[in-house]
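Participant: Sequence:
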Amino acid sequence: MEIILKEDVVNLGYKNDIVNVKSGYGRNYLIPTGKAVIASPSAKKMLAEELKQRAHKLEKIKKDAEAMAAKLEGVSLTIATKVSSTGTIFGSVGNIQIAEALAKLGHEVDRKIIVVKDAVKEIGNYKAIVKLHKEVSVEVPFEVVAE
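Take 1136 as the starting number for the sequence shown in my numbering and just add one per residue.
Derived by calculation from the structure, the hints in this document are not laboratory data.
It cannot be assumed that every hint is accurate.
As the list claims (entries may be wrong) - Straight-line C-alpha distance at most 25 Å; calculated DSS-like pairs for lysine-lysine:
#  : residue 1 : residue 2
1  : 1187      : 1239
2  : 1206      : 1170
3  : 1150      : 1197
4  : 1170      : 1256
5  : 1206      : 1262
6  : 1262      : 1170
7  : 1150      : 1217
8  : 1195      : 1256
9  : 1217      : 1206
10 : 1180      : 1217
11 : 1269      : 1256
12 : 1187      : 1157
13 : 1192      : 1157
14 : 1187      : 1141
15 : 1170      : 1195
16 : 1217      : 1198
17 : 1252      : 1217
18 : 1197      : 1179
19 : 1141      : 1206
20 : 1262      : 1252
21 : 1247      : 1198
22 : 1206      : 1247
23 : 1269      : 1197
24 : 1180      : 1247
25 : 1179      : 1206
26 : 1239      : 1252
27 : 1262      : 1179
28 : 1187      : 1150
29 : 1239      : 1150
30 : 1195      : 1141
31 : 1150      : 1269
32 : 1141      : 1269
33 : 1217      : 1197
34 : 1195      : 1206
35 : 1217      : 1195
36 : 1198      : 1157
37 : 1195      : 1252
38 : 1206      : 1239
39 : 1170      : 1180
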């Protein structure tokens, strides 16, 4: 089933992308929640016209994302957390803690665009990816230390 996304959907695509999904996922979740519409020929024409009109706005959004990426380029985080005697973290470190650490440094980043590939359950050095735009992403290294 071919659909047009009306907003960014994690692990699927970005706003105004035309993607193929299984029928059940599209009809039972994406369309009823307003995240997508069926990609009919008329909807595709409307999308093309809208994208043509919004091209300069999208360019400005991309430039803002690139500016934010430049600010985040040299950032390195240290996250303190409670640790057992063996070096294992109580719980785990995720995108919420990384977003809070970035906010303390003055970088307001939405936690939903931060991706941590591996489960962070031990002390050590890791990397998180901040997806600012569909073409702009930044790797932010962070270190987990004991409190």
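Participant: Each hint needs a verdict: does it hold in this structure or not?
Facilitator: Right, here's what the structure says about each hint:
{"no.": "1", "hint": "1187 <-> 1239", "in the structure": "violated (39 Å)"}
{"no.": "2", "hint": "1206 <-> 1170", "in the structure": "violated (31 Å)"}
{"no.": "3", "hint": "1150 <-> 1197", "in the structure": "holds (14 Å)"}
{"no.": "4", "hint": "1170 <-> 1256", "in the structure": "violated (33 Å)"}
{"no.": "5", "hint": "1206 <-> 1262", "in the structure": "holds (17 Å)"}
{"no.": "6", "hint": "1262 <-> 1170", "in the structure": "violated (30 Å)"}
{"no.": "7", "hint": "1150 <-> 1217", "in the structure": "violated (39 Å)"}
{"no.": "8", "hint": "1195 <-> 1256", "in the structure": "violated (39 Å)"}
{"no.": "9", "hint": "1217 <-> 1206", "in the structure": "violated (29 Å)"}
{"no.": "10", "hint": "1180 <-> 1217", "in the structure": "violated (54 Å)"}
{"no.": "11", "hint": "1269 <-> 1256", "in the structure": "violated (29 Å)"}
{"no.": "12", "hint": "1187 <-> 1157", "in the structure": "violated (29 Å)"}
{"no.": "13", "hint": "1192 <-> 1157", "in the structure": "violated (32 Å)"}
{"no.": "14", "hint": "1187 <-> 1141", "in the structure": "holds (16 Å)"}
{"no.": "15", "hint": "1170 <-> 1195", "in the structure": "holds (24 Å)"}
{"no.": "16", "hint": "1217 <-> 1198", "in the structure": "violated (39 Å)"}
{"no.": "17", "hint": "1252 <-> 1217", "in the structure": "holds (21 Å)"}
{"no.": "18", "hint": "1197 <-> 1179", "in the structure": "holds (23 Å)"}
{"no.": "19", "hint": "1141 <-> 1206", "in the structure": "violated (29 Å)"}
{"no.": "20", "hint": "1262 <-> 1252", "in the structure": "holds (8 Å)"}
{"no.": "21", "hint": "1247 <-> 1198", "in the structure": "holds (20 Å)"}
{"no.": "22", "hint": "1206 <-> 1247", "in the structure": "holds (19 Å)"}
{"no.": "23", "hint": "1269 <-> 1197", "in the structure": "holds (9 Å)"}
{"no.": "24", "hint": "1180 <-> 1247", "in the structure": "violated (31 Å)"}
{"no.": "25", "hint": "1179 <-> 1206", "in the structure": "violated (36 Å)"}
{"no.": "26", "hint": "1239 <-> 1252", "in the structure": "holds (23 Å)"}
{"no.": "27", "hint": "1262 <-> 1179", "in the structure": "violated (38 Å)"}
{"no.": "28", "hint": "1187 <-> 1150", "in the structure": "holds (15 Å)"}
{"no.": "29", "hint": "1239 <-> 1150", "in the structure": "violated (30 Å)"}
{"no.": "30", "hint": "1195 <-> 1141", "in the structure": "holds (19 Å)"}
{"no.": "31", "hint": "1150 <-> 1269", "in the structure": "holds (10 Å)"}
{"no.": "32", "hint": "1141 <-> 1269", "in the structure": "holds (15 Å)"}
{"no.": "33", "hint": "1217 <-> 1197", "in the structure": "violated (38 Å)"}
{"no.": "34", "hint": "1195 <-> 1206", "in the structure": "holds (17 Å)"}
{"no.": "35", "hint": "1217 <-> 1195", "in the structure": "violated (42 Å)"}
{"no.": "36", "hint": "1198 <-> 1157", "in the structure": "violated (34 Å)"}
{"no.": "37", "hint": "1195 <-> 1252", "in the structure": "violated (29 Å)"}
{"no.": "38", "hint": "1206 <-> 1239", "in the structure": "holds (14 Å)"}
{"no.": "39", "hint": "1170 <-> 1180", "in the structure": "holds (19 Å)"}
Checked against the numbered hints given earlier, the structure breaks hints 1, 2, 4, 6, 7, 8, 9, 10, 11, 12, 13, 16, 19, 24, 25, 27, 29, 33, 35, 36, 37 and satisfies all the rest.
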